[in-house]
Amino acid sequence: MELPNLAPALPELLIVASAIILLLIGVFKKENAGGGITALGIIALALTALLVVSGPSERTETFGGMFVVDGFAVFTKLLVLLASAVTLAMSRHWLRAEGLDHPEYPVLVLFATLGMMLMISANNFMSLYLGLELQSLALYVLAASQRDSGRATEAGLKYFVLGSLASGMLLYGASLVYGFSGTTGFDALAKALANEAPVGVTVGMVFILAGLAFKISAAPFHMWAPDVYEGAPTPVTAFFAVAPKIAAFALLLRVLTGPFGSMVEQWSQVIVFISVASMVVGGFAAIVQTNIKRLMAYSSIGHVGYALIGLAAGGPDGVRAVLIYLAIYLAMNAGAFAVILSMRQKERSLENIDDLAGLSKTHPMMALSLAIFMWSMAGIPPFAGFWSKWMVFSAAIDKGMIALSIIGVLTSVVSAFYYLRIIKVMYFDEPGEGLDRSISAPVGLVMGLATLAVLLFNLVPAGLFSSASAAAASLFGG
Amino acid sequence: MIEGLVFYLFAAITVASGVMVVSSRNPVYSVLWLILAFFNAAGLFLLLGAEFLAMVLVIVYVGAVAVLFLFVVMLLDINYLRLREGFMQYLPVGALIGLILVVELLMVYGGWKFADDAPLSVASRTPDPTAISNTDALGRLLYTDYAFLFQAAGLVLLVAMVGTIMLTHRTRTGVRKQVIAKQNARTKESSVEIVKVTSGGGI
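In order, the protein sequences belong to chains P and U.
Take 122 as the starting number for the first sequence in this note's numbering and just add one per residue.
Take 148 as the starting number for the second sequence in this note's numbering and just add one per residue.
Keep in mind the hints are simulated off the structure, nothing from the lab.
It is possible that some hints are incorrect.
Straight-line Cα separation of at most 35 angstroms, DSBU-like style, residue types lysine-lysine; simulated pairs [unchecked claim]:
#1 P:K279 - P:K151
#2 P:K150 - U:K329
#3 U:K260 - P:K312
#4 P:K467 - P:K520
#5 P:K520 - P:K279
#6 P:K151 - U:K324
#7 P:K520 - U:K260
Each pair of labels, with its calculated beta carbon distance range [said to hold, decoys possible]:
#8 P:A524 - U:T282: 38 to 44 angstroms
#9 U:Y155 - P:L286: 33 to 39 angstroms
#10 P:K150 - U:T273: 35 to 41 angstroms
#11 U:L314 - P:G521: 19 to 25 angstroms
#12 P:M384 - U:T282: 46 to 52 angstroms
#13 U:Y237 - P:R272: 25 to 31 angstroms
#14 U:Q330 - P:L168: 45 to 51 angstroms
#15 U:L314 - P:N412: 21 to 27 angstroms
#16 U:A328 - P:P552: 57 to 63 angstroms
#17 U:V175 - P:L278: 24 to 30 angstroms
#18 P:L145 - U:V212: 26 to 32 angstroms
#19 U:E251 - P:M384: 47 to 53 angstroms
#20 P:G220 - U:T273: 26 to 32 angstroms
#21 U:Y237 - P:V320: 26 to 32 angstroms
Every residue, glycine too, gets a C-beta built ideally from N, C-alpha and C.
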């Protein structure tokens with residue numbers, strides 16, 4: 122036997138090695154070594170990103186076809202790595218203030234990132250499942266990591282139980298598909314399903330879709346998201362809101378365009394339903410929220426709905442719209458959570474929307490940034506969020522999905538209400554006690570960069586557009 | 148003939164003990180029934196010619212997992228009567244959902260088909276049982292064909308271990324640990340003091 126070609130998996134190998142080394146350092150030092158482990162983790166993520174970029178650009182398979190690297194994988198892996206690095210950088214100040222600065226935190230973030238990269242590169246239902254479990258298990262632990270807090274423990278447990286149920290559904294669906302075709306490899310499946318897909322396979326595919334919809338917290342599988350987002354420590358919530366969603370979206374795109382590519386008629390109606398349900402839930406349920414983390418949870422459910430419009434439209438254009446949506450979503454959410462992480466008063470973290478009252482007078486820059494993120498999330502031009510919504514809607518209209526686009530625009534108007542309410546609270550309400558002045562440097566940096574990205578997106582979109590196009594094309598064998 | 152008889156014997160006992168696992172009132176009995184089910188399942192594996200799986204089932208499941216279950220059941224003070232409260236209340240809904248699922252499964256079963264290549268792709272993973280022993284065959288699958296999955300599963304277990312320790316480990320203060328170096332470094336001068344006691348004076 123010859124060794125499998127390890128070159129395509131070099132980024133993953135680097136991240137495994139660095140996670141294990143950091144774990145050992147943590148065990149011997151018994152602490153975060155003054156943030157040293159977090160810093161090394163960020164460096165490891167940056168080096169991994171370099172390896173991802175310098176890796177093979179055309180489609181390469183290895184490990185007996187179970188692991189694939191293509192332009193799509195490179196693009197989404199870079200997004201995931203960026204999201205993880207940003208969360209790691211933002212979280213340390215908050216965690217130290219709450220006494221949670223354990224060395225395991227960065228290590229678990231690295232393992233979760235590894236799981237996401239395996240998901241993105243999965244070319245077989247078995248490697249898909251293992252990547253998904255690696256990611257989920259690390260996330261369950263992170264959600265419960267504030268173990269003295271009842272809410273965090275509840276969040277972790279709830280996430281674990283519901284997540285296991287979703288994994289079970291996914292596995293059951295995969296077993297039905299395997300039962301039909303006798304293979305779990307995506308390429309072989311695409312061949313087997315090209316001509317005929319009996320009802321058993323359709324049922325299996327719907328089970329798989331349900332499992333994946335849970336992972337991106339799309340309605341009607343969203344019930345866990347608000348509780349988990351609220352209960353988990355804020356940096357962990359910031360992590361949940363972005364990186365796992367990008368990875369699960371990548372998985373969804375790969376599975377639906379790859380092995381189930383010939384079953385568009387069957388899955389597109391499911392996707393349309395999930396998309397409409399998510400937009401409606403995200404639009405209406407968020408109105409009554411008073412806790413900003415819950416609000417962000419509903420907001421993310423809504424955004425998932427919009428991104429799914431692109432998937433429902435299908436084709437390279439639809440996929441490109443989804444990828445651009447995810448990239449912009451990353452910038453908006455990272456920035457918004459940078460502000461939420463800075464909501465501290467006398468060494469306590471605050472989570473209510475009312476605590477932002479009068480922020481424009483006490484912290485004008487922070488208020489301006491949050492206002493820009495909220496405008497952008499609401500989809501008001503000229504901010505980046507407008508362009509991402511415009512991309513998915515135009516992809517849908519090109520495919521004649523007028524009704525879906527109209528629902529999207531209407532729920533977008535509804536959701537603008539609660540985004541703009543935050544701006545109203547910041548600018549027109551009387552300030553209360555006011556938040557602490559000090560903002561840690563990495564958080565400020567993330568806030569500033571995200572603001573610039575959202576603000577100046579329409580000046581330099583060409584790079585993102587062309588790379589997203591190339592990534593989308595690679596998924597369709599271009 | 149004999150093989151068929153043995154199969155039905157093992158299969159019947161497996162199913163019956165499975166029913167007893169979920170229906171017996173005392174959880175310790177449930178675990179014991181579970182062990183019986185494992186043994187019979189191992190017998191079924193033997194009949195299929197999968198001797199390695201049969202032995203692993205006995206060693207791992209009976210030897211480790213079932214004993215662990217027994218420990219957990221005995222150590223945790225769970226009131227099983229309270230757990231069953233509301234069982235009757237949820238029964239109708241649960242039964243209805245179960246019924247719907249069964250009907251759906253029957254429909255799937257009724258329309259079931261295999262892909263044309265399915266037997267071929269299954270067979271490509273299954274070596275000839277007369278050519279190599281099944282320990283060898285499993286080893287090749289696990290460590291050669293599926294080495295990537297094997298390593299990924301290992302990482303999942305590592306994360307599980309890190310997570311468990313992170314969520315439960317507490318550094319206690321005030322624990323007296325034995326430090327052998329310190330014990331060896333003690334000298335007579337540092338630990339014993341000789342005091343002259345005058346009679347009737349005390350120390």
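Subject >> Q330 (chain U) versus L168 (chain P) beta-carbon gap, inside 45 to 51 angstroms or not >> reply: For Q330 (chain U) and L168 (chain P) the Cβ distance comes to about 46 angstroms; the hint holds.
Original post:
Are K279 (chain P) and K151 (chain P) close enough, with their CA atoms no more than 35 angstroms apart?
Top reply: Holds, at roughly 29 angstroms.
Original post:
Would you say the C-beta atoms of L314 (chain U) and N412 (chain P) sit inside 21 to 27 angstroms of each other?
Top reply: For L314 (chain U) and N412 (chain P) the Cβ distance comes to about 24 angstroms; the hint holds.
Subject >> Cβ distance range 24 to 30 angstroms for V175 (chain U) and L278 (chain P), holds or violated >> reply: Taking Cβ atoms as reference, V175 (chain U) and L278 (chain P) lie about 26 angstroms apart, which means the hint holds.
**OP:** Return holds or violated for the Cβ distance of E251 (chain U) and M384 (chain P) against the range 47 to 53 angstroms.
**Re:** violated (18 angstroms)
**OP:** Take a quick look at whether K520 (chain P) and K260 (chain U) sit within 35 angstroms of each other, Cα to Cα.
**Re:** holds (33 angstroms)
Original post:
Taken at face value, is the distance from the CA of K520 (chain P) to the CA of K467 (chain P) at most 35 angstroms?
Top reply: violated (54 angstroms)
**OP:** With respect to the beta-carbon atoms only, verify the hint that A328 (chain U) and P552 (chain P) lie 57 to 63 angstroms apart.
**Re:** holds (60 angstroms)
Subject >> Range hint compliance [Cβ, M384 (chain P) to T282 (chain U), 46 to 52 angstroms] >> reply: violated (40 angstroms)
**OP:** Could you grab the alpha-carbon distance between K151 (chain P) and K324 (chain U) and see if it respects the 35 angstroms cut-off?
**Re:** holds (18 angstroms)
Original post:
That 19 to 25 angstroms hint for L314 (chain U) and G521 (chain P) (C-beta), does it hold up?
Top reply: violated (51 angstroms)
Original post:
Does the Cβ pair Y237 (chain U), V320 (chain P) satisfy 26 to 32 angstroms?
Top reply: Given about 30 angstroms between the Cβ atoms, the range holds.
Checked against the numbered hints listed earlier, the structure breaks hints 4, 5, 8, 10, 11, 12, 19, 20; every other hint is satisfied.
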